[in-house]
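**Student:** Hey, can you work out the whole structure from these sequences and the hints?
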Amino acid sequence: MALRSMVGANIKRKEDPGLINGAGKYVGDIKLPGMAHVAFLRSPYAHADILGIDRAAAESRQGVHAVITGADLQDKWETVPVAGGRKARANYSHYAISAERVRHVGEIVAAVIAESAEIAADALDEIVVDYAELPAAADLLTAYAGAAPPIFAGLDSNIVDTGEKKSDDVDAVFENAPHTLRQRMHSQRVAGVPMEVRAVLAAPDAVTGGLTLWTSTQIPHGVRSALAEALRLPENTLRVIAPNVGGGFGVKNQLYPEEMALAKLAQLHNKPMRWSGTRAEHFISTTHGRSQIADVEVAFDDEGRILGLRLHVIGELGAYPPFYDIAHLTGLMATGNYDIPAVHFKASNVFTNTVAVAAYRGAGRPEAIYYIERAIDLVAGELDIDPANVRRRNYIQPDQFPYKTPTGSTYDTGEYEKNLDTALRAADYHTLRTEQAQRRADDAGSLLGIGMATYVEMCGFGPYESGVVRVEPSGTVTVYTGTSPHGQGLQTTFAQVVADEIGADYDDIVVRHGDTSSQPVGVGTFGSRSLAVGGSAIVRASKVVREKAIKIAAHMLEAAPGDIEFADGEYRVKGVPGSSLSLSQIAKRAYSERLPDDIDTGLEGTDFFRPPDFIYPFGTHIAVVEIERETGLISLRDYFSVDDCGPRISPLLVAGQIHGGLAQGIGQALLEQVIYDEQGQLLTGTMMDYTMPRADDFPHFSLDQTVTETTLNPLGAKGIGEAATIGSTPAVVNAVMDALRPLGLRHIDMPLTPRRIWEAMQSA
Amino acid sequence: MNVSMTINGEAVSREVEARTLLVHFIREDLDLTGTKIGCDTSQCGACTIHVNGKIAKACTLLAAQADGADITTIEGLAENGEHHPMQTAFWENHGLQCGYCTPGMIMASAAFVRDNPGASEDDIRHYLEGNICRCTGYHNIVKAVKQVADAAAGGA
Ligand code: FES
Ligand code: FES
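Keeping their order, the protein sequence lines are chains A and B. 652 is the number that the numbering used here gives to position 652 of the first sequence; each next residue is one higher, with no gaps. 77 is the number that the numbering used here gives to position 77 of the second sequence; each next residue is one higher, with no gaps.
Simulated from the structure, these hints should not be mistaken for lab results. Possibly wrong hints are sitting among the right ones.
Said to hold, decoys possible - Listed below are several chain A residues computed to face chain B (Cβ distance under 10 Å; list not exhaustive):
#1 10
#2 17
#3 30
#4 34
#5 118
#6 488
#7 657
#8 686
#9 688
#10 692
#11 694
#12 724
Stated by the list, open to error - Not everything, but these chain A residues come out facing chain B in the computed CB check (under 8 Å):
#13 19
#14 21
#15 22
#16 23
#17 33
#18 37
#19 81
#20 246
#21 278
#22 651
#23 652
#24 656
#25 660
#26 698
We put the beta carbon where it would ideally sit given N, CA and C, even for glycine.
**Tutor:** Printed below as a string of structure tokens:
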């Protein structure tokens with residue numbers, strides 16, 4: 001493919017030929033000779049002491065190699081990494097196989113190693129655990145209110161972490177404001193549910209004395225570092241491989257107990273071992289997302305200008321959370337796209353006896369935008385002003401960037417009003433409002449709702465990312481990235497970047513990732529960072545190659561390096577078009593004996609990119625819904641998404657990220673919810689009970705864009721992985737509430753199921 | 001017990017336990033790992049294959065029930081080294097991201113379009129209810145299937 005300027009081209013993915021024919025290998029597809037299988041016994045209680053474990057019957061079953069309990073390993077490893085540093089790890093953590101106490105349903109209490117997965121699973125039934133059940137703190141508000149016992153000894157309450165930001169004048173602003181309103185809102189607990197359940201395969205490495213671990217993760221390097229520490233092994237004896245990974249969405253973004261357990265057991269038994277989780281195990285053992293309750297209060301004037309915001313977030317941590325940051329991220333984005341002068345933000349993070357709440361697509365930012373976008377619509381409703389106009393009146397203006405928010409973010413660039421107008425045009429907003437007025441006048445059987453949301457989000461998490469660009473002697477190019485894509489299509493995107501940066505043929509580029517033994521040390525794929533941070537590292541590594549190629553070309557063309565230009569994918573003497581050299585010709589020379597002494601052999605570059613700050617993509621979404629009066633049934637009639645992520649390297653893939661994000665955000669608005677009962681039993685533990693969005697839940701998505709570059713990286717690109725999830729949840733809820741406004745309904749908590757809508761309509 | 005069947009045009013015969021699920025037989029005994037497992041409750045469709053020309057969720061059948069059957073999995077869908085049009089359409093339309101749901105999606109869609117050339121977007125969305133994808137929002141999957149359905153109707 002000789003097309004120059006691959007960047008911005010719509011091309012088919014490099015990843016797909018190996019996936020459309022079933023050849024892709026995910027962890028559960030990999031078999032090693034002599035491999036044993038592991039199954040985990042998990043706690044059926046949310047909170048209990050382990051008094052004893054009788055494993056004799058299980059161990060004597062044919063085909064069972066061993067049954068391992070937490071007590072067997074307690075002194076042989078460290079506890080599972082949790083948020084809060086050394087003190088938390090000592091006091092608020094557990095072993096990968098818990099030894100004394102369990103704090104959520106699904107916590108591992110024993111492992112069976114057997115010849116086959118079936119035998120291992122059968123043996124679980126014959127392990128008898130003597131538990132003493134303890135009262136559980138299963139409900140967030142109860143735990144917050146102090147009405148449940150602390151889940152860790154030494155704590156006075158289950159509130160472990162708080163943060164507060166307060167503008168000096170906020171209380172005065174509220175006192176003097178012409179209007180104020182407040183609303184409690186839930187961003188309910190949801191599950192990431194990547195289609196590939198987590199799986200781990202561990203094998204001893206006779207050469208290093210360490211291990212190779214294949215795992216379904218977003219952060220192979222992070223897993224390696226954390227595992228080395230937890231198992232007390234030198235980091236360089238561990239090799240972590242993330243082969244094909246079947247989706248992550250944030251929930252494969254930490255070291256899990258199963259990874260530690262498989263590694264430890266493979267090491268102790270000197271044998272390769274695999275665990276492939278079931279979907280039921282996934283729901284009880286993989287971190288969930290959101291689960292916040294927020295009290296939102298706004299002060300505003302007669303024109304709808306927001307004068308002040310108070311936001312108190314009660315965020316659920318579950319037990320053993322890997323991070324405390326989620327609610328703090330909510331705080332950093334609390335004011336959304338708006339210039340709100342006075343803010344009081346407070347976060348209260350609360351332990352409960354449930355599986356940890358951690359990163360899920362957007363992590364903290366969807367919650368923030370949900371609260372502020374709902375609040376804007378409440379203000380619009382209160383004053384009877386078009387919600388688009390309330391937004392317009394409050395936007396941060398283009399000349400205010402870089403813009404410092406009262407809660408401590410610095411937004412890089414933005415043009416919110418232009419983006420809003422693009423969306424209003426795309427949706428033909430005024431025609432929709434006319435149709436709605438007509439419908440209302442006719443008292444039609446189906447209610448029409450039009451909802452919008454403007455979002456901005458912080459992404460491009462550091463601290464750094466790495467890239468290697470190697471031109472092989474033949475002129476083909478191998479690229480290595482420290483990111484770890486699992487569906488994002490970075491092999492394609494990074495090849496596009498490199499093709500343009502050094503004049504390589506796109507088809508001759510191979511991009512490798514997800515193996516700590518061959519990649520430069522990297523961070524991984526999460527937080528919409530891979531292109532902005534990882535892609536920028538690759539731009540920098542490409543530059544090293546290009547500069548060297550220019551030097552070699554100068555030597556070959558007998559010119560001064562300053563006289564060589566890289567243009568149209570070729571290296572040539574400025575102003576002498578006939579003099580050009582291709583990358584392959586230069587590569588051949590780079591590995592030959594015919595290099596001058598002052599040029600080192602080879603043609604490759606390694607570099608890192610350290611982003612100076614976060615980047616802030618934004619957009620406007622408009623949802624159009626119909627609600628059947630008789631049944632409360634909601635159908636999403638149209639959806640318009642206008643996203644601004646800066647220049648798009650792979651437009652087709654950007655659209656794919658938006659589609660997927662929309663489905664997840666709409667899923668939270670209308671369908672999805674993780675429910676625990678008051679004993680901490682998970683009621684939504686299968687795909688029969690947890691509503692996954694299906695193809696017929698969605699209309700055709702209409703996409704458009706504005707393009708505002710960031711100045712903070714060499715690509716000008718912002719992230720797009722989480723954006724659509726963030727914009728879509730409030731857009732849909734605003735649309736539903738807009739439909740119900742004539743009935744006097746102001747707010748209903750998600751998910752907006754037909755039952756909830758119907759009940760609200762009855763009570764109206 | 002012994003089971004025999006034809007898989008992707010090849011006769012196979014193996015000893016299995018009576019309780020062995022067809023999906024495990026295909027993946028573990030025959031090493032055809034293109035057929036995926038995404039749930040324990042027959043919801044996700046990641047395991048979709050063709051049994052005697054009809055689609056089936058391989059996690060809902062015992063290997064023994066498929067004794068004597070003619071089975072096609074994703075590995076056997078291409079013919080003479082040429083991708084099936086549904087595979088091509090998924091590639092061209094960016095109908096996959098992580099690829100985990102893809103084999104099941106393609107197997108289900110290929111059978112659907114064969115039986116319903118010219119299917120509408122609504123038909124396709126409704127039909128795909130039995131296959132869950134968490135990555136694509138279904139948008140480009142529907143587009144890919146529609147492209148093949150349109151082509152099939154045009155050629156009929
Ligand atoms: S594995 Fe989910 S339907 Fe078969
Ligand atoms: S492409 Fe990932 S689940 Fe469908």
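**Student:** State the violated hints by number, sorted upward, taking the hints as numbered earlier in the document.
**Tutor:** The structure conflicts with hints 4, 17, 18, 19, 22, although it agrees with all the remaining ones.
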